[in-house]
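Enquirer: One letter stands for each residue in the lines below.
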Amino acid sequence: MSAYSMHNQDKTCWNCPAIDLAGMVDFRACGQSLQISKARSDDSDTYILARCKRNPGLGVYDPTTITFAECPEWIERPYGYLLRDMRVMILGIDGYLGWTLALWLGNLGIKVSGIDNYNRRNWVKERGAHTVVPISRMSERLHAATSVLGIDINFREIDIMDRARLAEFIDEVKPEAIVHYAECPSAPYSMIDAEHAILVQENNVLGTLGLLFIMRDLVPETSLIKLGTMGEYGTPLTGRPIFEGIFPADAILKWDNREWSLGGELTPRDPVSFYHVSKVQDTFNVYESCKYWWLRSYDVMQGVIYGIHTDQVAADERLRTRFDIDEWFGTVINRFVAQAVIGFPLSIYGAGEQLRGFIALEDAMQCMVRLIASPPDPGQYGVVNQMSGYCSIRSLAETVAEIGSQEFGLTVRIQRVENPRVEADIHPFEPIYDNLPKEFAFQPKVSPEMEIYRMFELLTQPSIKQRIEEKKHLILPRTWWSGQKKPVETLEVIDEVEYAPRAKVYLS
Amino acid sequence: MIFIKNRKRRLVIIGVDGVPYRLIRDLSQTGIMPHTASLIKQGILRQMASSIPEVSSVAWSSIITGKNPAEHGIFGFTDLAPATYRLSFPNFSDLKAPPFWYHDPKRRSVIINVPSTYPAESLNGVLISGFVALDIERATYPKTLIPRLMDMDYRIDVDSQKAHSSLDLFLKHLDQTLKARIKAYRYLWENIDWDTFMVVFTETDRLSHFLWDAYEDPSHKYHQAFLRHFSQIDEAIGEIKSRTNEDDSIILLSDHGFERTEKNVYISSYLKNEGFLKLKKPSSGNYSDIDHHTRAFALDPARIYIHLKGKYPRGSVEKEDRDKVICDLEALFSSIEIQGKKVIKRIYRKEEIFFGPLSPYAPDLVLLPHQGFDLKAGLKAKEPYGKDIFTGKHTQHDAFLLVSDHSDDDIMPNNPSVFDIAHIIGRLCNGNTTPND
Ligand SMILES: NC(=O)c1ccc[n+]([C@@H]2O[C@H](COP(=O)([O-])OP(=O)(O)OC[C@H]3O[C@@H](n4cnc5c(N)ncnc54)[C@H](O)[C@@H]3O)[C@@H](O)[C@H]2O)c1
Ligand SMILES: [Zn+2]
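Chains as they are written, first to last, in my numbering: chain A, 1 to 508; chain B, 509 to 945.
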């Protein structure tokens, strides 16, 4: 056994994107079929015939009989076996996560390609906001990636909605995994008005739907790693566990003195904005295409990401990833730190008792590599809840306040403001997030305190602090789910922040 | 003394996959196959022994090369690649002995639908591969023929999955596949100046797997459909015969016989129960899960391999213990009974049936079943035996061979086997035997 945990060592060519599933034979009837049928029943004498695209010399063979550990194309890496020179395409590569992942993967020797149409830059500009950590133009980013890190990225400016050009690029690159980030990620942006709601749903839902057809036709063996969000589930008031997309085998529905197994069915979704609805719609579209066409996908129900650090983005100013703090595109912890830096009271919505799952930027990157390394079965729609822990918004604010005041000497106050959203601000929450640690050997490496500390370090730099100040007026929300447009009002200012007990963030 | 003519003699070989001697005799006598009947009158018909195991890949590879599996290298539809647990599907590129059409490069051959000839390789003539063939592009030589075949809606094989959803649909596809095959043979017959013409009809085998019960039972819903297919085959045979000249020789043959399936018997299940076979994940059914405690494992249909140390990555049986394991296996398999009936008729040791340089790759034992038992490796099977929708299975002893020619009449062996055919072909073509005999 190696020192690394090789979570994917027993996967076989059956899972490998470099396989060409050519047909099936049933030797009981000397029968062949060039149609692969999903009913690969366990007690039958039906065999799948496969050829390796990377090593045609292996001839035609049963793809379940070579494991990653045995295959010379899969090489031992820190997060499991990885395909040598694996080709990974990132859709939305210019974004907060996309850019960070591009460098992370490039650093592992993966051949990275990607598309973006700069939607995010334009949407932020349209709102009059900006990223407070300045980011370079794409051409400069690419140049810096090569010169500083030796990473060559094959980038093309393409709108995911332009199916012809996307298909052309995918056909050219023949990616072995596709990470799909290219959506509008903002709930408040989707709640501004009809135009914005429609734009978000069109962009997200139709963009993804078109992609699925392209994958069916060009790269059906490629795994799709698609970003969903924990917000798809909502927060059911019954307090029932929030499973990973699909009910476990022993879940049971009881009604009218009768019982049914729910095992294997999709769990209910209760999205909390039109943006979240777009993600739920994606879920169904991806789920169906796995069913109809044997595509293989992981739907990543991602918790809220926070942070600024990976070794690669920190290597040079031109390699930094974006960081937004406005009401539309800023995510909660990132916003709190920026507010603390300029002495703006940390604004929590309503009671602040909302419980959310979180994960640091670097840990999210680790998860993505592990998913890429261990592709799903053909036809499998897999779901992971991606978070490293969860806690209340209020306790997060307190952690930020504590680190800001104790480590950086800032005066940090917390305020409760009216909640512009329609959501329960006091609710039970029992998310299940076992798949990543159990199946993919994911272990969070970054503590919230550590990442928050690193964020303060960067955001307190005078030039960045200045950029936060410039957009201070965009911090408090004015986009109400009801449609009203007015600033939220303060309910309470909490001056006396209680710092103990310190570890309010429950790490798994 | 035999006079050897210098002029090339034309030879036509018609294969009908999986047609037993008994059936061809009976249907020609009852008038379902009149053309075949008149061919029988002209020539000599004999029961023929198939290969061991009696599967098409081994049988046809033996027919076209005249060699033992330990010489041509095809031991079954599946094999483990040397020193691995990779279950591979050997194909034409793995055939280690030349088929008869390479014996005399001056003769032009048309070879249609011989099983296990995929991917197609260049020859003096035309070749369209038979089952298992993954795409028409690599199943065709020369490639210029592909558009023609597409126009004919040519199919390598009937889609066997169809039969699982509807036998009617299966019969329809079977019919379409046969018609397209006939179109292809006609086209090549007329457009190529050939010396040897070989076409194999494999539909007969598929039909018999699904509907052997319909053949045996006149009241069966598909009895007439079964007979109709054979009369179509007979018409094709008649048509081919009517196109031959006086001087042409004709061989009509099958690769193995058929009989009714009573039970499928899963050998791995016995191996597991008796502790010969251990999988890392008992439910997986993958050869890559063979554990180092394994002493023996099976490949389809009934080939047993000793898990020798040094031969397999996790092999654990020492060379000196091989005989002991073999004896234990023989004791196990000669004793198994299902509902009071003995299952195994004969156990062949490798040394008895495999002769040639590739015998290290041959199975250590091959089992031959009693009537009605269909032996399967069945690594995934949960039960030792069962029954599924298939009603017919191969037999080893009951293939047939019919030779109709105008040369000397001692060309037909008394007890022919699939290994004699290439030799007969050689003699019919130019009075020579096959090279390097
Ligand atoms: N950041 C989080 O906390 C978080 C949490 C849960 C889920 N997610 C999801 O993760 C993904 C990435 O999030 P992010 O924070 O990096 O967002 P982001 O906006 O920074 O990245 C998305 C990228 O996709 C691009 N894009 C959008 N539409 C496009 C189109 N039509 N064609 C081409 N490119 C297009 C954008 O320009 C942007 O660069 C999104 O799908 C988001 O919903 C993010
Ligand atoms: Zn058969």
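FYI, nobody ran anything at the bench for these hints, they're computed from the structure.
Don't take every hint at face value.
Derived lysine to any residue pairs resembling SDA-like cross-links, with alpha carbons at most 25 Å apart [said to hold, decoys possible]: (1) B:K890 / A:G59; (2) B:K788 / A:W293; (3) B:K680 / B:K729; (4) B:K788 / A:P376; (5) B:K651 / A:L21; (6) B:K789 / A:Q380; (7) A:K438 / B:P790; (8) B:K789 / A:L21; (9) A:K174 / A:G210; (10) B:K789 / A:L410; (11) B:K888 / A:W14; (12) B:K670 / A:G379; (13) B:K670 / A:W293; (14) B:K789 / A:P72; (15) B:K691 / A:S33; (16) B:K789 / A:W14; (17) B:K789 / A:G210; (18) B:K680 / B:I690; (19) B:K888 / A:K174; (20) B:K890 / A:G210; (21) B:K888 / A:G264; (22) B:K604 / A:G264; (23) B:K789 / A:W293; (24) B:K680 / A:G23; (25) A:K438 / B:S792; (26) B:K888 / A:G23; (27) B:K651 / A:G379; (28) B:K687 / A:S33; (29) A:K438 / B:K789; (30) B:K890 / A:D270.
Keep in mind it's a predicted model, so treat the numbers as computed, not measured.
Enquirer: Determine for every hint whether it applies to the structure shown.
Expert: Each hint, compared with the structure:
A C-alpha spacing of about 30 Å is found between K890 of chain B and G59 of chain A, which places the hinted pair above 25 Å, so the restraint is violated. Under the criterion of a C-alpha separation no larger than 25 Å, the hint pairing K788 of chain B with W293 of chain A is inconsistent with the structure, at around 31 Å. Of the pairs offered as hints, the one joining K680 of chain B and K729 of chain B holds, with about 15 Å between alpha carbons and a cut-off of 25 Å not exceeded. Taking the CA atoms of K788 of chain B and P376 of chain A, the gap is about 21 Å. The hint holds against a cut of 25 Å.
Taken as a hint, the K651 of chain B and L21 of chain A pair is honoured in the structure, with Cα atoms around 23 Å apart against an allowance of 25 Å. Distance restraint check for K789 of chain B and Q380 of chain A: the Cα-Cα separation of roughly 21 Å lies within the 25 Å cut-off, and the hinted pair is therefore satisfied. Using a Cα cut-off of 25 Å, the hinted pair K438 of chain A and P790 of chain B holds, with the two alpha carbons roughly 21 Å apart. Of the supplied pair hints, the one linking K789 of chain B and L21 of chain A holds, its CA atoms being roughly 24 Å apart against a limit of 25 Å.
Taken as a hint, the K174 of chain A and G210 of chain A pair is honoured in the structure, with Cα atoms around 17 Å apart against an allowance of 25 Å. For the hint pairing K789 of chain B with L410 of chain A, the CA-to-CA distance comes to about 58 Å; that exceeds 25 Å, so the pair is violated. As the CA atoms of K888 of chain B and W14 of chain A are separated by approximately 16 Å, the hinted pair is consistent with the 25 Å bound. The suggested pairing of K670 of chain B with G379 of chain A holds, with an alpha-carbon distance near 21 Å, which does not exceed 25 Å.
Annotation: proposed proximity of K670 of chain B to W293 of chain A holds, straight-line Cα distance about 18 Å (limit 25 Å). Restraint check: the Cα-Cα separation between K789 of chain B and P72 of chain A comes to about 23 Å, which is no more than 25 Å; the hinted pair holds. Simply put, K691 of chain B and S33 of chain A have alpha-carbon atoms about 22 Å apart, close enough for the 25 Å limit, and the pair holds. Proposed proximity of K789 of chain B and W14 of chain A is supported: the alpha carbons are some 16 Å apart, at most 25 Å.
Taking the CA atoms of K789 of chain B and G210 of chain A, the gap is near 39 Å; set against the 25 Å cutoff, the hint is violated. A hinted pair counts as satisfied when its Cα atoms are at most 25 Å apart, and K680 of chain B with I690 of chain B qualifies at roughly 15 Å. The hinted pair formed by K888 of chain B and K174 of chain A fails the criterion: a straight-line CA distance of about 34 Å is larger than 25 Å. Of the supplied pair hints, the one linking K890 of chain B and G210 of chain A is violated, its CA atoms being roughly 42 Å apart against a limit of 25 Å.
Among the hinted pairs, K888 of chain B with G264 of chain A is consistent with the structure: their alpha-carbon atoms are about 23 Å apart, no more than 25 Å. For the hint linking K604 of chain B to G264 of chain A, the alpha-carbon distance of about 49 Å lies beyond 25 Å, and the restraint is violated. For the suggested pair K789 of chain B and W293 of chain A, the alpha carbons sit about 29 Å apart, so the restraint of at most 25 Å is broken. Between K680 of chain B and G23 of chain A the alpha-carbon distance is near 21 Å, which keeps this suggested pair within the 25 Å criterion.
Taking the CA atoms of K438 of chain A and S792 of chain B, the gap is about 20 Å. The hint holds against a cut of 25 Å. A C-alpha spacing of about 19 Å is found between K888 of chain B and G23 of chain A, which places the hinted pair at or below 25 Å, so the restraint holds. Between the alpha carbons of K651 of chain B and G379 of chain A the distance comes to roughly 34 Å, so the proposed pair goes past 25 Å and is violated. Annotation: proposed proximity of K687 of chain B to S33 of chain A holds, straight-line Cα distance about 19 Å (limit 25 Å).
Distance restraint check for K438 of chain A and K789 of chain B: the Cα-Cα separation of roughly 18 Å lies within the 25 Å cut-off, and the hinted pair is therefore satisfied. Under the criterion of a C-alpha separation no larger than 25 Å, the hint pairing K890 of chain B with D270 of chain A is inconsistent with the structure, at around 42 Å.
Hint compliance for this structure: hints 1, 2, 10, 17, 19, 20, 22, 23, 27, 30 are broken, all remaining hints hold.
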